[in-house]
Amino acid sequence: MRYPGADRNAVDGVTLDIAGGSFTVLLGPSGCGKSTLLRTVNALVKPQSGRVTIDGSDVAAADGTQLRRGIGYVIQAIGLFSHMTVGENIAVVPSLLHWDRARTAERVDELLGLTGLAPDRYRNRYPRELSGGEQQRVGVARAIAAEPRVLLMDEPFGAVDAILRADLQDEMLRIVQSLKTTVVFVTHDVDEALRLADRIVVMREGRVEQYDTPLDILTKPSTRFVAQLLGTDDTLRRLSLMRAADAAVASESTSAETIDAGASLRDALNRLLGGVTRLSVVRDGAPIGSLGLEEIRKALQ
Amino acid sequence: MKHLPQIGGLTLQHLALVGAGLGIALVIAVPLGVFTARTPRYGAPVFGLAGVVYAIPSLALLAVAVKYLGLGFWPVVLVLAAYAQFILIRNIAAAIAGVPAAQIDAAKGLGLSAWQRFARVEIPLAAPALLGALRLTTVALIAIATLGGYVGAGGLGSEIFFGLQRQYVEETLAGSIPAAVLAILADAFFRTLERTALKRTGEA
Chain A
-12 MRYPGADRNA VDGVTLDIAG GSFTVLLGPS GCGKSTLLRT VNALVKPQSG RVTIDGSDVA
48 AADGTQLRRG IGYVIQAIGL FSHMTVGENI AVVPSLLHWD RARTAERVDE LLGLTGLAPD
108 RYRNRYPREL SGGEQQRVGV ARAIAAEPRV LLMDEPFGAV DAILRADLQD EMLRIVQSLK
168 TTVVFVTHDV DEALRLADRI VVMREGRVEQ YDTPLDILTK PSTRFVAQLL GTDDTLRRLS
228 LMRAADAAVA SESTSAETID AGASLRDALN RLLGGVTRLS VVRDGAPIGS LGLEEIRKAL
288 Q
Chain B
24 MKHLPQIGGL TLQHLALVGA GLGIALVIAV PLGVFTARTP RYGAPVFGLA GVVYAIPSLA
84 LLAVAVKYLG LGFWPVVLVL AAYAQFILIR NIAAAIAGVP AAQIDAAKGL GLSAWQRFAR
144 VEIPLAAPAL LGALRLTTVA LIAIATLGGY VGAGGLGSEI FFGLQRQYVE ETLAGSIPAA
204 VLAILADAFF RTLERTALKR TGEA
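These protein sequence lines are chains A and B, in that order. Using the working numbering, the letters of the first sequence map in sequence onto residues -12 to 288. Using the working numbering, the letters of the second sequence map in sequence onto residues 24 to 227.
In case anyone wonders, no lab produced these hints; they're calculated from the structure. Computed from a predicted model, the values in this text were never measured in an experiment. Think of the CB as a built atom: it goes at the ideal place given N, C-alpha and C, for glycine as much as any other residue. This list has only true hints and no planted wrong ones.
Selected chain A positions facing chain B (Cβ under 8 Å, derived; list incomplete): (1) N29; (2) L31; (3) T52; (4) Q53; (5) R56; (6) Y60; (7) I62; (8) A64; (9) I65; (10) G66; (11) F68; (12) S69; (13) H70; (14) V80.
Here are the computed distance ranges between Cβ atoms for each label pair: (15) A:D148 / B:P123: 20 to 28 Å; (16) B:Q139 / A:T206: 46 to 54 Å; (17) B:T219 / A:L151: 32 to 40 Å; (18) A:A149 / B:T219: 38 to 46 Å.
Produce the complete structure using the sequences and hints provided.
Right, dumping it as structure tokens:
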């Protein structure tokens, strides 16, 4: 894919197979082609060669307008229609699909609830009356209103402050997991990628550097660029992706201090450095082993 | 005061001239304005051409129009439609181009067709600026339509024209004061619409 007047292809020689229902993050510095690649999925960008297929059918063969009604789209600038209320914004795609009024109204309220906005308070307000975080919640609600098979998100939380961003990320994970939608998410924020992704696509100058799970990318970077971008020598970052259960060793002695099996090793390290010498790892309340600093050191090797 | 019905009739004629001129002007200017908003590189030549027409003295243009269309209603309508192009095309183009890009991108991404984007997103969001363009144009056309008095098209211009010919100031005023009032009313009318539209788009 090359833009008119550009001296290199914006996206070049990319082959990706994205599993249905997975959360894939396209990660890379600005200008690496990640947004362009995203926009080939809903045919907002048409590549000069190569093709994108969803469930086996070529998006280039579909009618673009019809295609996009089945694909959610969230952008950093949000783009809520300022002359429509929150409810009308969310109802845009359902009304394009000719849902009846009652079903649409019900869906709007359901989505407002799902995104943490009280329907009675927000339904009839205008976007300008909302904070940035609230606006992006509506943006997400609008994108998933008609239960799209695929949800595309282009740096949706880029304009939101750091504290709020973490909340929005958590909520979004919860929402998309309940929907079982395939998500393709663009960001240049490494921590955001590690936090959200099942699989990360690291891109550079239009090409894919590595396509792997977050932990594999951190522990086995395929190129120096990936290592530098991810800061793979950052031990804390690696620990934050490893679970207590993976480092625990069987032991008879149970410590009074417990940690959940699903907690990250980063949390475990925090506790250990805080003065606890050993943690008992529990799953559903039952101890499955224990860990200390030695186990964490081993897990990193 | 006994001339009041006569003034009323002339005012209606005047409005008919302006209405017809504006209507024809819009049929030409809306497509051209939208086109230049979408393809800015054609903006300069289109605005340039409209500017050249605007620069021709209106009386001269009217003389040419009469040569081909004869006396009466239509040459005046033609002149009005031609003069309106300059204000309309430029302002329509600016209004459409001023719609936030993020909302257009979102509309595309959500699956609105080109026509749906135009009707449901661009027009409502551009409405305040579009009404502003209509206001400026209408006020200008109300003034220019007084030229109708010279070529037998009627309207308030005929009072002014006869008054000038007979050096009868009262008759001139009987044409020019209603014309001025008409312009002020048109201005106020469109301003009200603009305010309503602004409230909806949330820029006020």
